[in-house]
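In the order they appear, the protein sequences are chains D and Z.
If you use our numbering, the first sequence corresponds to residues 261 to 648, in order.
If you use our numbering, the second sequence corresponds to residues 15 to 257, in order.
Calculated from the structure, these hints are not laboratory results.
Every value quoted in this text rests on a predicted model; they were computed, and no experiment measured them.
A couple of the hints might just be wrong.
Stated by the list, open to error - Here are the simulated DSSO-like pairs of lysine-lysine, each with C-alpha atoms no more than 30 Å apart in a straight line: (1) Lys262/D <-> Lys164/Z; (2) Lys262/D <-> Lys27/Z; (3) Lys279/D <-> Lys335/D.
Claimed, not checked - Some chain D residues close to chain Z (C-beta under 7 Å, calculated; not the full set): (4) Lys270; (5) Ile272; (6) Arg277; (7) Thr281; (8) Gly299; (9) Ala470; (10) Pro471; (11) Val472; (12) Glu642.
We put the beta carbon where it would ideally sit given N, CA and C, even for glycine.
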Amino acid sequence: MKEVYWVALKEILSTWRDKRTIRNVLIMPLLLMPLFMYGPTVLLSKLQTHSQESLQRVAVCDLPELLRQEIKKVKLEPVVVDSPRSAVLSESVDAALCRQGDEYVIYAEESAKPIKIGFVVAKLQRALDEYKQQLIAAKLRQAGLSAADLHPFKVVKKDLSPSQARSYGILGGMTPYFLMLFIMMGAMAVVIDATAGEKERGTLEILLAAPVAHVKIAAGKLLAGLFFAVLTSVSGLTGLTIGAYYSKSAVKGDELAMIGGGLSMTAADFVTLLVTALLFAAEITALLLAVGMYARSYKEAQTYISPLYMALIIPMLLLMFAADYLQGSIYLYAIPVFNVYLAIDQIIKGQSQFLPLLICWISTALAVLAALYWAARNFSSEAVIFRN
Amino acid sequence: MVELEGLAKAYGKTKALRGVSFKVADGEVFGLLGPNGAGKTTTLRILSTLVKADSGSARVNGLDVGTQPLAVRRILGIVNGGMGLYERLTGREILTFFARFYGLQGEELDRRIAWASETLKIDAALDRQVRHMSSGMIQKVIVARAILHKPPLLLLDEATRGLDVFARRSLLDLVMRYRDEGKTVIYSTHVIPEAEEVCNRVGFLYQGRILFVGSISEAKKRYQTDSLERAFIKAAEAAGVRP
Chain D
261 MKEVYWVALK EILSTWRDKR TIRNVLIMPL LLMPLFMYGP TVLLSKLQTH SQESLQRVAV
321 CDLPELLRQE IKKVKLEPVV VDSPRSAVLS ESVDAALCRQ GDEYVIYAEE SAKPIKIGFV
381 VAKLQRALDE YKQQLIAAKL RQAGLSAADL HPFKVVKKDL SPSQARSYGI LGGMTPYFLM
441 LFIMMGAMAV VIDATAGEKE RGTLEILLAA PVAHVKIAAG KLLAGLFFAV LTSVSGLTGL
501 TIGAYYSKSA VKGDELAMIG GGLSMTAADF VTLLVTALLF AAEITALLLA VGMYARSYKE
561 AQTYISPLYM ALIIPMLLLM FAADYLQGSI YLYAIPVFNV YLAIDQIIKG QSQFLPLLIC
621 WISTALAVLA ALYWAARNFS SEAVIFRN
Chain Z
15 MVELEGLAKA YGKTKALRGV SFKVADGEVF GLLGPNGAGK TTTLRILSTL VKADSGSARV
75 NGLDVGTQPL AVRRILGIVN GGMGLYERLT GREILTFFAR FYGLQGEELD RRIAWASETL
135 KIDAALDRQV RHMSSGMIQK VIVARAILHK PPLLLLDEAT RGLDVFARRS LLDLVMRYRD
195 EGKTVIYSTH VIPEAEEVCN RVGFLYQGRI LFVGSISEAK KRYQTDSLER AFIKAAEAAG
255 VRP
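Work out the full structure, taking the sequences as your base and the hints as a guide.
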C-alpha cells in the first residue's frame with residue numbers, strides 16, 4: 261500500500277504547486293458561490309420592493325370608477341386608452357386592464373419579461389380581488405347577509421413534512437448538482453494531468469515501467485483525485501453555505517424557504533451526507549481516471565470527459581422532474597449515480613432510510629471498484645498506453 | 015543476461031517484429047541498430063514489460079518478461095528519447111519518488127542521489143523544479159532516474175535524441191562507464207556512428223527482422239566495408255530489402 265501513497269503524494273504535490281489550478285478549483289468556488297446564492301436573492305428582493313413602492317403605468321378601458329380607485333391604491337397609474345393591445349405592444353404602458361362584457365381582461369407581455377411585468381400583473385390582480393370583494397360585500401348587504409356567510413368553515417393546511425424538508429428550497433434541490441460539479445472540478449484537475457498529461461509529457465512510460473503493480477498506480481491517482489474532489493467540494497459547499505447565511509438577511513419567510521436559506525441538517529444526516537458524497541467522489545474520480553487514460557492530450561481528454569459530464573447530468577434532470585414518483589422504489593437505489601442523487605435528496609429532506617441508503621452505498625462502492633478495475637486495465641493495456 | 019527467441023509482434027496488419035532472436039551477455043553494450051520503424055522501440059518495450067509479444071519469448075536474467083513483469087522491472091533501467099519529467103517536482107523529488115519503488119530509502123537513497131548527481135553533474139537540478147531546467151538537464155535527470163538503483167540492465171532507446179553536444183557526450187561517457195563496471199546495456203539507435211563508439215556487439219534490425227548479430231569488426235568484415243553504416247545498408251540489400 262505504500263506505493264499507492266507515494267503515487268498519490270506525487271500527484272497531490274504536482275497539482276498543489278500549480279497555482280492556476282488551485283485558484284480555479286479551490287479559491288474560485290469559495291468566492292463565487294456566495295455571490296451565486298446571495299446576488300440573485302438580494303437582486304430579486306430589491307426588484308420586488310422597488311416594484312411595490314414605485315408607480316407603474318397601466319392602460320385601462322371601460323373600467324368602473326371604484327376599480328380605478330383600487331388600481332391607484334396598489335400604486336398603479338391608470339391611463340385611459342382605446343386599444344389596450346397596442347398600448348402594451350408599444351410598451352407605453354407595462355400592462356392593460358379592460359372590461360369586455362362580463363370579463364375583465366389583463367393584457368401583458370408577461371412571458372417576455374416575467375419578473376418586471378409579473379409584478380405589475382400581480383398588482384392588477386390584487387386591485388381586481390379587492391374590487392370583487394367590495395362588489396360581493398355590497399350584494400350580500402342587499403340580500404341581508406354578512407360576509408361571514410360566504411365562509412361557513414375554514415380550511416387549514418398542515419404540512420407534516422419534517423422541518424428539514426420544509427426548508428429544502430432551491431438550495432436543497434441544487435445541492436446534488438453542485439456537489440457533482442465540485443467533485444468533477446476537483447477530480448479533473450488531478451486526473452487529466454495524471455492520465456493524458458502523463459502521456460503528453462512522456463512520463464507515463466517511466467512510471468509504468470517501475471516495479472509497481474499498475475493497479476496500485478491507478479489507486480494512487482484515484483486517491484489524489486479524490487483528495488482534490490473533496491477539497492473542492494468543501495470549498496464550494498462552504499461558499500454556498502456562506503451565501504445562504506447572508507441571503508437570510510435579504511429575504512424572509514416564504515421566500516427564504518423557497519431559496520433554501522433556512523436549510524439545516526441533523527448531525528447524523530450530515531455524516532450520512534458526507535459518506536455518500538465521499539463514495540460519489542470516488543465513483544466519479546475512478547470513472548474520470550478510466551476514461552482519461554484513452555486520451556493522448558489534455559485537449560483530447562476534455563472531449564472524452566464532456567460526454568461523461570452529460571451522462572451525469574441526465575439522471576439529475578430525471579430526479580428534478582420526477583423525484584416524488586421515483587423515491588418509492590428501492591431498486592432505484594442500486595442504479596449507480598442516480599442512486600446518489602436520490603439518496604442526497606432524501607438526506608437533505610431528513611427522510612433517508614437505512615435500507616435504501618445501504619443499497620446506495622454498496623452499489624456505489626461496487627461501481628468504484630469496477631471503475632478502478634477498468635482504469636487499472638487501461639494502465640496495463642498497450643493499446644491504450646501507446647494509442648496513436 | 016538477455017535472451018530473445020522468435021519474438022513476433024503485430025499492430026493490426028502492421029508486423030512490427032517478425033521472429034526477432036538475439037542474445038546479450040553480461041557486461042556487453044549491445045547496439046540495436048535500424049532506421050525509424052525497424053522495430054527497435056517495440057523490442058525494448060517488450061523487454062521493459064510494457065508490450066506483450068504475440069509469440070516468441072524474452073528473458074532477462076532468466077526471468078520471463080511476460081509472466082514475471084515486476085521482477086523484470088526491478089532489474090531494468092530505461093531511458094528513451096521521448097521521455098519527460100513531472101514539471102512541478104524538483105530533481106530530488108523525482109529521483110526519490112522513483113527510487114522508493116526499488117526499495118531505496120533513508121541514507122542509502124541520499125548516497126545514491128549524491129552518486130548520480132556527481133556522475134551526471136546534476137547538482138543544480140536537484141532542488142530546482144523541472145519546468146525551470148534546460149532540456150539537457152532534464153535528460154540528465156531522466157538518465158539519473160534510470161541508473162539510481164544501479165540496474166544490471168540498462169535499455170536506452172534513441173536516448174540522445176534532441177540532446178545538445180554536452181548532454182550527448184555525457185550520456186555516451188556514462189554508457190562506457192557502465193560497460194566498464196560489468197553491467198549490460200542495450201543501446202537502440204539509428205545514429206550508427208554513436209553505436210560504433212560505445213557498442214561491443216550490434217544487431218541490425220530492419221522491417222522487424224534481425225539481419226545480422228555480431229561484433230562491429232565482424233559486421234565490417236562480412237559486408238566488406240570499413241563503415242558500419244555501409245555494412246548495415248549492405249545487410250539490408252543482401253536480405254532483399256532496400257531502403
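Verification of the supplied hints:
no.: 1; hint: Lys262/D <-> Lys164/Z; in the structure: 22 Å, holds
no.: 2; hint: Lys262/D <-> Lys27/Z; in the structure: 42 Å, violated
no.: 3; hint: Lys279/D <-> Lys335/D; in the structure: 54 Å, violated
no.: 4; hint: Lys270; in the structure: 5 Å, holds
no.: 5; hint: Ile272; in the structure: 11 Å, violated
no.: 6; hint: Arg277; in the structure: 4 Å, holds
no.: 7; hint: Thr281; in the structure: 10 Å, violated
no.: 8; hint: Gly299; in the structure: 35 Å, violated
no.: 9; hint: Ala470; in the structure: 4 Å, holds
no.: 10; hint: Pro471; in the structure: 4 Å, holds
no.: 11; hint: Val472; in the structure: 5 Å, holds
no.: 12; hint: Glu642; in the structure: 5 Å, holds
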